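**Q** Residue strings, one per chain:
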Amino acid sequence: MRKWIDRGLPIACAICAVACCALLLGIVATILARGLPVLSGEFLSAADGELLGSGGIRYQLFGTVLLVATALAVGAPLALGWALVQAVWVRSQRGRRLLRRTLYAVNAVPSILFGIFGLIVFVKYLDWGKSWLAGGILLGLMIVPTIAVALVERIEALPAKYVRAAAGLGLSKGRIVTSVILPQCWSGGASGALIGLARAAGETAPILFTAAVFSGVTVPHGVVESPVLALPYHIFVLAQDSFDPEAGAHLWGSAFVLLALVLALSLLALPLRLRAAEEAQHG
Amino acid sequence: MRSSLARWASYGATGLTLVFGTALLVSFVAQSLPVWRHEGLAYVTGSVWHFRSEQFGVLPMIYGSVVVSIVALALAAPLAVGAAIWSAEYLNGRNRWWFKVPIELLAGIPSVVYGLLGVLLLRNWIYELFERFEPLSGDTLLTAGVLLAVMILPTVMTLADDALRGVASSQRRAARALGFTQAEGVLRVSLPQAAPGLVAALLLGLGRAMGETIAVFLVVGRQDSQADYGLRSWLEAGQTLTSKLGSSETFLAYGDPLHWSAIVGLGLVLLALVLSLTLAAGRWLPETGLARNRRA
Amino acid sequence: MADILRMPSAPRPILSARAVSVASAERALLHDVDLDIPEAGVFGIIGPSGAGKSTLLKVFNRLLELETPPLELAGDVRFRGRPVYGAGVDADALRSRVGMLFQQPVVFPASIRRNVLFGVRHVERLSRAGLEERLVEALEGAALWDEVADRLDRPAVELSVGQQQRLCLARTLALRPEVVLMDEPTSALDPRATAAIETLIRRLADVHTIVLVTHDLDQARRLADQVACVCRRDNVGQVIETGCCTELFDNPRCPETMDYLDSRGTDQ
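Chains as they are written, first to last, in the working numbering: chain G, 1 to 283; chain H, 1 to 296; chain F, 1 to 268.
Please keep in mind that the hints were generated in silico from the structure rather than gathered at the bench. Just so you know, not all the hints are guaranteed correct.
[Said to hold, decoys possible] Simulated restraints, written as ranges between beta carbons of each label pair:
id	chain 1	residue 1	chain 2	residue 2	range
1	G	GLY168	F	PRO83	54 to 62 Å
2	F	ASP218	G	ARG96	42 to 50 Å
3	F	GLY88	G	ILE15	25 to 33 Å
4	F	GLU39	H	ALA280	31 to 39 Å
5	G	GLY95	H	ARG52	31 to 39 Å
6	G	ARG91	H	LEU33	33 to 41 Å
7	H	TRP98	F	GLY81	37 to 45 Å
8	H	GLU131	F	LEU131	49 to 57 Å
9	H	ASN124	G	TYR162	39 to 47 Å
10	H	THR22	G	ALA12	41 to 49 Å
11	F	GLY88	H	GLY230	53 to 61 Å
Because the structure is a prediction, the values reported are computed rather than measured. Each residue gets a CB set at the ideal place from its N, CA and C atoms; glycine is no exception.
Chain G extracted, bound-state conformation (with noise of 0.2 Å):
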């Protein structure tokens, strides 16, 4: 009985951890089987067809990225200003855990209630209609606990010995951050940012009413009434009403493009981490 239960457990384990594995594969087979024959020069270059999915995905391509550019430069500095704060510049433990507990709580919010808020906020009171930079905004605010966290992991995990010994040097604080923390811990927010990046470029949910059409422009020349057309909202849309076997072709292709896209930076993250384990394991 002991014999086949420690023969029988491993077995078992390995077959959820091969399903688990066998389920991204089948995901990505499929989105790679049925989009690749889709994706060509022209599919993304062109702008979109007069019909519901024809044409390229010129502009939801430049949506997408000019919304994902706008997240990382809201969400970046905030969430580096953040990560300082936590980490280096607050002494007490209490306070620490206090913004420690918070970023979790706004890790938690779901991506849906930031939509609304911008809805509120940008969209009602501040009167911008649909616009790219609300969009921006929120898709930042959103990734700032993704970046904060892995750079605050990074600071923490720095050897006590570099930052005595800068002090021993007799730098101030702000020196011993600018020239020694931020330098040892650049991977850590890099690699927190592209997979914060990669989330970024997939979420629908906040741009649904803030940010997002399907179609109709291009590029944006303003702030106000300034919508763009993005990927994951095109998907969106197009799923809804999927019959239509042209729109079915063009949704694979969007839907292998915005795949390919988040994966890329996902693992253009991977090395980054890798660096960091290696780094925490020897240093």
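We have chain G already, so just place chains H and F on it with the hints.
**A** Below, chains H and F without anything else, positioned relative to chain G:
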């Protein structure tokens, strides 16, 4: 000089983030006040949502959210914990890393892609699989639950893996030195000691399932009224808090203060549910593990 | 006394190693170890730190196999004349007969009672009364009964480190092992707790075979009937010499042993 600049910039950024966070909370509370005044507690216990007759009861949406999340967790938990045991107890070093990479990638797949697969594949499978129960379509609470199960799998698995790896290896070795088999070590030593972390993993998985919008929206059927609350309802179209919030009704409601506040109230209920799950998990898991919770 | 143990008529060793070598992926840890450990009494393994004493200890209960990264073992190891590493040997059953005490006490986060009965519960089928009996027997065997009899259901972590180490011993004794391997069991303890464990070891040696790894020469002198000295020679751990305690201490034959004994002597 430079010190104070870096310092004030940091505090400024933190303050700004806090302002946004607070504004979010305040706006959900303040803007939902009219509906609380109008409906009172009946807002959460009422089962009819009909905005033309100014009836706002969110019980069907709460029910839908709870059902899809529980289905998701019930399906994902065994698979995720099993995979976590495999990774934490049977793999070492580099092998574990190679196993965790695909899991991380699985976590990164956008919810709209899951939704698309749900629309084009899963809902047909569910329809065919349960055909003898005569569902009206493949858009059911169950479909949403199954889809969510796949989506929360990486979250639960990663957190469970962390919890198991948090058990000191000396404990395992001591158990083996007493003549325990490896499986007995896992079942009698690692799992009991990792239990708080595992509970936290499940709670956070539940929270993530509850907050997920887009994928659920596409396959849940979005039917406001709930005919019955029995097991049969799992194979019928339903509505969750999030799918209601994501619907076009949100945009339409803005002009009418009462209707709008009923919509925002949905958000407040959702926020309360998700945050209480997260905070409950935080009690079990005070350390950095919470950070790995993927956003829904 | 010493001569009796070395008489040719001495009984067959309970544990023996022949030409045992252990290597990690990077380097050799132990080379060509021959060792016979007689039944009952205390067998000391001494030597400088890093020489491979603990590794040698883990060879005997196959805990070696659980090391990560894995270690490579060659040679023949026997327990009561039967190969320890043979095909079809139940390593888990072996480990419950050859118990082990670690350098740091490792208690499970449970009550004292549960800790003591942790192993027995799963290895043997005992009635309630049988378990209770075993509990008392093990705790008395570890000289802990008087101290904990009134708080058996309190968490084990509340005990002092010395008590925890005796609790770990009780946990092992509850399985009624034939051999107890001890890996520097007192190095984490203060002098009083050390003395308590040492008294205990001597008492247990009447019935059990104790294999005691220690770097404390005085402790080896006080406790051990026979001693093996493991030193690094040609950059790999080897058993340099074995012998009865007084003989080896008073009259070491190998330069490494002399060196080691000298250096420790001036230390203290």
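**Q** Next step is simple, just say for each hint if it's right about the structure.
**A** Verification of the supplied hints:
{"no.": "1", "hint": "G:GLY168 x F:PRO83: 54 to 62 Å", "result": "holds (59 Å)"}
{"no.": "2", "hint": "F:ASP218 x G:ARG96: 42 to 50 Å", "result": "holds (48 Å)"}
{"no.": "3", "hint": "F:GLY88 x G:ILE15: 25 to 33 Å", "result": "holds (27 Å)"}
{"no.": "4", "hint": "F:GLU39 x H:ALA280: 31 to 39 Å", "result": "violated (57 Å)"}
{"no.": "5", "hint": "G:GLY95 x H:ARG52: 31 to 39 Å", "result": "violated (51 Å)"}
{"no.": "6", "hint": "G:ARG91 x H:LEU33: 33 to 41 Å", "result": "holds (40 Å)"}
{"no.": "7", "hint": "H:TRP98 x F:GLY81: 37 to 45 Å", "result": "holds (44 Å)"}
{"no.": "8", "hint": "H:GLU131 x F:LEU131: 49 to 57 Å", "result": "holds (55 Å)"}
{"no.": "9", "hint": "H:ASN124 x G:TYR162: 39 to 47 Å", "result": "violated (58 Å)"}
{"no.": "10", "hint": "H:THR22 x G:ALA12: 41 to 49 Å", "result": "holds (47 Å)"}
{"no.": "11", "hint": "F:GLY88 x H:GLY230: 53 to 61 Å", "result": "holds (55 Å)"}
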